[in-house]
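Residue numbers (my numbering), protein chains in the order written: chain A, 22 to 306; chain B, 2 to 369.
Simulated from the structure, these hints should not be mistaken for laboratory data.
Treat the hints loosely; a few may be bogus.
Claimed, not checked - Below, a sample of chain A positions facing chain B; criterion: calculated Cβ distance under 10 Å: (1) 157; (2) 164; (3) 166; (4) 186; (5) 187; (6) 211.
Claimed, not checked - Below, in silico cross-link-like pairs of lysine to any residue (SDA-like), each with a Cα-Cα straight-line distance of 20 Å or less: (7) B:237 <-> A:294; (8) B:237 <-> A:169; (9) B:237 <-> B:348.
We treat Cβ as the ideally placed atom computed from N, Cα and C, and that holds for glycine.
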Amino acid sequence: MNESISKTKMVPLPSHAIIPERDASQRPILEVYRLGINFGGLVAVEDFNIAVGRTEICGLIGPNGAGKTTIFNLLTKVYQPTSGAILLDGKDTSNMNTAQINRAGIARTFQNIRLFPSLSVEDNVKIGLHNEIGYSMATGILRLPAFYKAERRAKERVMELLDLFDMTHLASHRAGSLPYGAQRRLEFVRALATNPKLLLLDEPAAGMNPSETEELMSNIEKIRDQFQIAIMLIEHDMRLVMGICEGIAVLNYGQIIAKGTPKEIQSNPLVIEAYLGKKKGDQVC
Amino acid sequence: MRRLRMRSSIDNCLTYGLVIVAYVVIRLLLAGGNISYALQGQLVPITVYIVMAVSLNLTVGVLGELSLGHAGFMSIGAFSGAITATLLELLADTTSTTWIRLGLSTSWIRLSLAMLIGGIFAGIFGFLVGVPVLRLQGDYLAIVTLAFGEIIKNVMSILYVGYDANGIRVSMDSANALKLDEGGTIIVNGPMGVIGITKLSSFTAGFILILITLIIVLNLINSRAGRAIKAVRDDKIATESVGISVWRYRMMAFVISATLAGAAGALYALNYSSVVARKFDFNTSILVLVFVVLGGMGNIRGSIIAATVLTVLPEVLRAFNEYRMLTYAVILIVVMLVRNNATLQHVFRQVGARLSKSLPIRRKGGEV
Numbered sequence: 022m023n024e025s026i027s028k029t030k031m032v033p034l035p036s037h038a039i040i041p042e043r044d045a046s047q048r049p050i051l052e053v054y055r056l057g058i059n060f061g062g063l064v065a066v067e068d069f070n071i072a073v074g075r076t077e078i079c080g081l082i083g084p085n086g087a088g089k090t091t092i093f094n095l096l097t098k099v100y101q102p103t104s105g106a107i108l109l110d111g112k113d114t115s116n117m118n119t120a121q122i123n124r125a126g127i128a129r130t131f132q133n134i135r136l137f138p139s140l141s142v143e144d145n146v147k148i149g150l151h152n153e154i155g156y157s158m159a160t161g162i163l164r165l166p167a168f169y170k171a172e173r174r175a176k177e178r179v180m181e182l183l184d185l186f187d188m189t190h191l192a193s194h195r196a197g198s199l200p201y202g203a204q205r206r207l208e209f210v211r212a213l214a215t216n217p218k219l220l221l222l223d224e225p226a227a228g229m230n231p232s233e234t235e236e237l238m239s240n241i242e243k244i245r246d247q248f249q250i251a252i253m254l255i256e257h258d259m260r261l262v263m264g265i266c267e268g269i270a271v272l273n274y275g276q277i278i279a280k281g282t283p284k285e286i287q288s289n290p291l292v293i294e295a296y297l298g299k300k301k302g303d304q305v306c
Numbered sequence: 002m003r004r005l006r007m008r009s010s011i012d013n014c015l016t017y018g019l020v021i022v023a024y025v026v027i028r029l030l031l032a033g034g035n036i037s038y039a040l041q042g043q044l045v046p047i048t049v050y051i052v053m054a055v056s057l058n059l060t061v062g063v064l065g066e067l068s069l070g071h072a073g074f075m076s077i078g079a080f081s082g083a084i085t086a087t088l089l090e091l092l093a094d095t096t097s098t099t100w101i102r103l104g105l106s107t108s109w110i111r112l113s114l115a116m117l118i119g120g121i122f123a124g125i126f127g128f129l130v131g132v133p134v135l136r137l138q139g140d141y142l143a144i145v146t147l148a149f150g151e152i153i154k155n156v157m158s159i160l161y162v163g164y165d166a167n168g169i170r171v172s173m174d175s176a177n178a179l180k181l182d183e184g185g186t187i188i189v190n191g192p193m194g195v196i197g198i199t200k201l202s203s204f205t206a207g208f209i210l211i212l213i214t215l216i217i218v219l220n221l222i223n224s225r226a227g228r229a230i231k232a233v234r235d236d237k238i239a240t241e242s243v244g245i246s247v248w249r250y251r252m253m254a255f256v257i258s259a260t261l262a263g264a265a266g267a268l269y270a271l272n273y274s275s276v277v278a279r280k281f282d283f284n285t286s287i288l289v290l291v292f293v294v295l296g297g298m299g300n301i302r303g304s305i306i307a308a309t310v311l312t313v314l315p316e317v318l319r320a321f322n323e324y325r326m327l328t329y330a331v332i333l334i335v336v337m338l339v340r341n342n343a344t345l346q347h348v349f350r351q352v353g354a355r356l357s358k359s360l361p362i363r364r365k366g367g368e369v
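Bound-form chain A, shown alone (with noise of 0.2 Å):
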């Protein structure tokens, strides 16, 4: 499989995006028109547009404040855009909240990791099963025979969730006490126990060492594989990024000033100029 990610062949769109060739076929998991918002004046995100495809590893990269962060905000609605469309799945999501847009299918991480601290990690998945398990208040309280027996189905969900990131023996550790890179291992489970189509990493290399995001590059391909979900990914990382990403797109001040393969980035004028340029001395590339 990660054989066939190394040769992928990256098609045009109408709209002038491009999504890896076996994905063509369908309709991209998320679709981006002219997407902006400002903040009081501050032109944050300008004429932002983008497709996704359903099995794509698509990155997001740029300088620091370029807007990079303000886009998973907005496709998650965390920010309400004052421009734009984002169709998920091909449906329209403007009338959607942040909760919603989950149930819709987006999942996400934070750049500063947010985990439920006070509670277990086996919790912390648990309540990213929440709309999976689905018994009401009621039978939780009366303890239901239902009660019993989707708890103990979460748990199981649970454990082979966690069993992705070898965190089982982790289950009934605080979340707040686990190390920096455990926790982040552990946002990412729980963004996947959502059961999301697209999945928003914000840095997930962010503090790690080398061999650590080596890990971590092979464990993205790998959830893609195995759930067939799209993965869209914001990194500084630029090993991880040209190492997995089959598309990128490249921001600077709010608007996208590049798009394409990891090859075509790396040679584009543009980019070297805005990013890479600046950044190649202290840059491990």
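Assemble chain B onto chain A, guided by the hints.
Chain B alone, transformed into the frame defined by chain A:
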């Protein structure tokens, strides 16, 4: 994971066990005549305050929102419960259907119905108050709930309710405005509150209400809905991001909390021959909050112990009763200091470790 699950169920068993053992011991002491008359009078209020503290802990400790108007819901429960009990008694005298008369002349049926109605009314008000209040967070939520507590107190102070052959009459003006027929009864008389209540509450009823409260709160906390409520406390944005409606679970915790406070209020009112709205003022809200803070946020057993100790203490130390509010203030300040000061915590822990070398020390803010 099994460890944590088992610890939480052991914790819950301890809580139930504590309440049941305390009940049995007090029953035995009562039978032996070993409890002073003054303390006997405090038994029902203690159970009421325990339910109040546990229910407020659901909002403050588990949901993580500071509510300063909990006595308002108690007030609504007290008034609607007392009115219900009085009406049911009148109905028992006038009805011609035998089984209704028999049923309603049984005091515990009237008491249960009164607590149920008290709880439902308080729950409805909890929802109505919650709609605007739960749009706010933090200090703003505390200020607005404080205001709602005061509003409820003032509205209850001008409420007149009467009953005659034509049914129930309500007025906000005066007793005369009720225009009752001859032979009609005034149930709520404005600032004088509910009058002519038949005392229905008993220590056993309070004990059963505590058990019901514990079953609801503890089972809720350790279920899907409870996890969502705790998730809201820990991180609202993350909660939304996993597809959980924050509004829904904040409202759920708030309404359940109000409902239980209402039932406790009904139990409280039916322990006396009359009850006034002034009783359920800001001080009562703060008193219950002190129980919660002292017992530990989210620590249900702590709330029970704190409510009991702080209600009994002034009775036992009659001489110090005048300094009660001062003591509360000092205790609150000390607790705040200790919670936020690592050095003091360390000192307290060492003292605690010396006192009980065999027992492991609970970590700060322990989960239930």
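Hint check:
Given hint, residue 157 (chain A) at the interface with chain B, holds; its Cβ is 8 Å from that chain's nearest Cβ, closer than 10 Å. Checking residue 164 (chain A) against chain B by beta carbon gives a least distance of about 6 Å; that is within 10 Å, so the hint holds. Checking residue 166 (chain A) against chain B: minimum C-beta separation of about 14 Å lies over 10 Å; hint violated. This hint is violated: residue 186 (chain A) has a C-beta 16 Å from the nearest C-beta of chain B, more than the 10 Å allowed.
Annotation: residue 187 (chain A) was flagged as interfacial toward chain B, and the flag is violated, the nearest CB pair being 15 Å apart, outside 10 Å. Satisfaction of the interface hint for residue 211 (chain A) is found here, the shortest Cβ-Cβ separation to chain B being roughly 6 Å, below the 10 Å cut-off. With a CA separation close to 39 Å, the supplied pair residue 237 (chain B) and residue 294 (chain A) exceeds the 20 Å bound. Using a Cα cut-off of 20 Å, the hinted pair residue 237 (chain B) and residue 169 (chain A) is violated, with the two alpha carbons roughly 27 Å apart.
Distance restraint check for residue 237 (chain B) and residue 348 (chain B): the Cα-Cα separation of roughly 34 Å exceeds the 20 Å cut-off, and the hinted pair is therefore not satisfied.
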